[in-house]
Amino acid sequence: MASERYTARELMVTTAAREIDDGDTAFVGMRLPLIAFQVAVSTHAPEAMAVYESGVVRDSPADGFIHTMCDLPNLNRAVATTGMIDIMSRLQRGDIDVGFLGGAEIDRYGNLNTTEVTAGDREIRLPGSGGACDIACMAERTVLLMPHEPRRFAEEVNYVTSPGYATDGNGRDDHPAPGGGPSALVTSKATFGFDERGELYLRSVHPGTDTADVLAAFPWEVQTADDIGEGAVETTAEPTDEELELVRTFDPDGFWT
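Once you know that position 19 of the sequence shown is 19 in full-length UniProt numbering, the rest is easy, because the numbers rise by one and skip nothing.
Incorrect hints may have been included.
[What the hints assert, rightly or not] Have a look at the derived ranges for each label pair, beta carbon to beta carbon: (1) 216 with 159: 18 to 28 Å; (2) 128 with 178: 39 to 49 Å; (3) 79 with 255: 18 to 28 Å; (4) 178 with 23: 17 to 27 Å; (5) 232 with 159: 14 to 24 Å; (6) 85 with 245: 22 to 32 Å; (7) 207 with 92: 24 to 34 Å; (8) 77 with 253: 35 to 45 Å; (9) 128 with 21: 23 to 33 Å; (10) 170 with 216: 21 to 31 Å; (11) 245 with 47: 14 to 24 Å.
Please keep in mind that the hints were generated in silico from the structure rather than gathered at the bench.
As the structure is a prediction and not an experimental result, all values here were calculated from the model.
Backbone N, C-alpha and C fix where the C-beta goes; we use that ideal spot for every residue, glycine too.
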């Protein structure tokens with residue numbers, strides 16, 4: 001827990017919400033992003049719009065708690081309820097400013113694995129891509145969310161389900177994916193950016209967490225904002241009272257948070 005006032009997941013939601021700019025079209029996935037968009041459009045990004053893989057398009061919060069993007073409160077008063085082909089076509093046309101993704105593993109260049117991991121001598125099959133690879137390839141930028149656990153961070157992911165940046169340090173130059181690549185990683189302990197080479201760097205640590213603890217989870221030497229000339233590593237801004245009230249309105253029983 002980051003504080004007695006809020007949970008680590010509530011902080012992740014408000015931090016992710018701030019990655020949505022006013023006027024953005026956001027491709028919203030399951031779990032925490034469902035709440036993050038609603039917080040963003042209710043505060044600093046009133047002109048933002050959300051699209052969901054199921055075909056829903058909306059520019060306002062759902063009118064009740066949603067377990068999934070297909071729940072009736074997310075359909076009620078939506079701008080449109082179309083189909084998957086319409087949403088994926090928007091993505092292919094370059095209409096998506098930011099997409100939200102999660103993963104089982106991530107490497108130093110933001111490549112995500114949701115296909116298969118190794119645990120001891122066992123290979124564990126995961127759900128796979130869904131629409132994640134499409135979002136990673138074609139959104140203008142992506143925001144990644146995951147728990148801060150050593151098993152999540154790999155020098156080289158077991159399988160590249162959703163591409164980030166080129167592992168040769170050339171970013172998205174000559175990369176087959178047309179989108180812009182990851183712009184941020186939000187974990188339960190910190191936030192990270194990606195430098196011009198596409199490599200992960202520490203941007204801020206969450207309140208109550210120190211830099212050494214954050215970096216100890218990685219099997220490689222992670223850069224910091226100071227290392228790349230972006231200034232000192234900051235402390236992640238805490239949720240405001242308004243943001244916390246909204247999070248708890250949209251997730252009243254803490255199902256996601």
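Exercise for the section: Could you tell me whether the CB distance from residue 232 to residue 159 stays inside 14 to 24 Å? Expected result: The hinted range 14 to 24 Å is violated for residue 232 and residue 159, with Cβ atoms some 36 Å apart.
Problem - Verdict for residue 85, residue 245 (Cβ pair) under range 22 to 32 Å - result: 38 Å Cβ-Cβ, so the 22 to 32 Å window is violated.
Exercise for the section: Starting from the hint 18 to 28 Å, judge whether the C-beta atoms of residue 79 and residue 255 obey it. Expected result: holds, 25 Å
Practice task
Indicate whether the distance between the beta carbons of residue 207 and residue 92 respects the range 24 to 34 Å.
Solution key: violated, 40 Å
Problem - Beta-carbon spacing of residue 245 to residue 47 - inside the hinted bounds 14 to 24 Å or not - result: Holds, since residue 245 and residue 47 (Cβ atoms, about 22 Å apart) stay within the stated range.
Exercise for the section: Take a look at whether the Cβ-Cβ distance between residue 178 and residue 23 falls inside 17 to 27 Å. Expected result: Since residue 178 and residue 23 have Cβ atoms about 21 Å apart, the given range 17 to 27 Å holds.
Practice task
Could you see if the CB distance from residue 77 to residue 253 stays within 35 to 45 Å?
Solution key: violated, 23 Å
Practice task
Return holds or violated for the Cβ distance of residue 128 and residue 178 against the range 39 to 49 Å.
Solution key: violated, 22 Å
Practice task
Note whether the CB distance of residue 128 and residue 21 lies within 23 to 33 Å or breaks it.
Solution key: holds, 30 Å
Handout entry: Supplied distance hint 21 to 31 Å, evaluated on CB atoms of residue 170 and residue 216
Key = Distance hint for residue 170, residue 216 holds at roughly 29 Å.
Handout entry: 18 to 28 Å as the expected CB spacing between residue 159 and residue 216, which holds or is violated
Key = holds, 25 Å
The structure fails to meet hints 2, 5, 6, 7, 8 from the earlier list, while all remaining hints are met.
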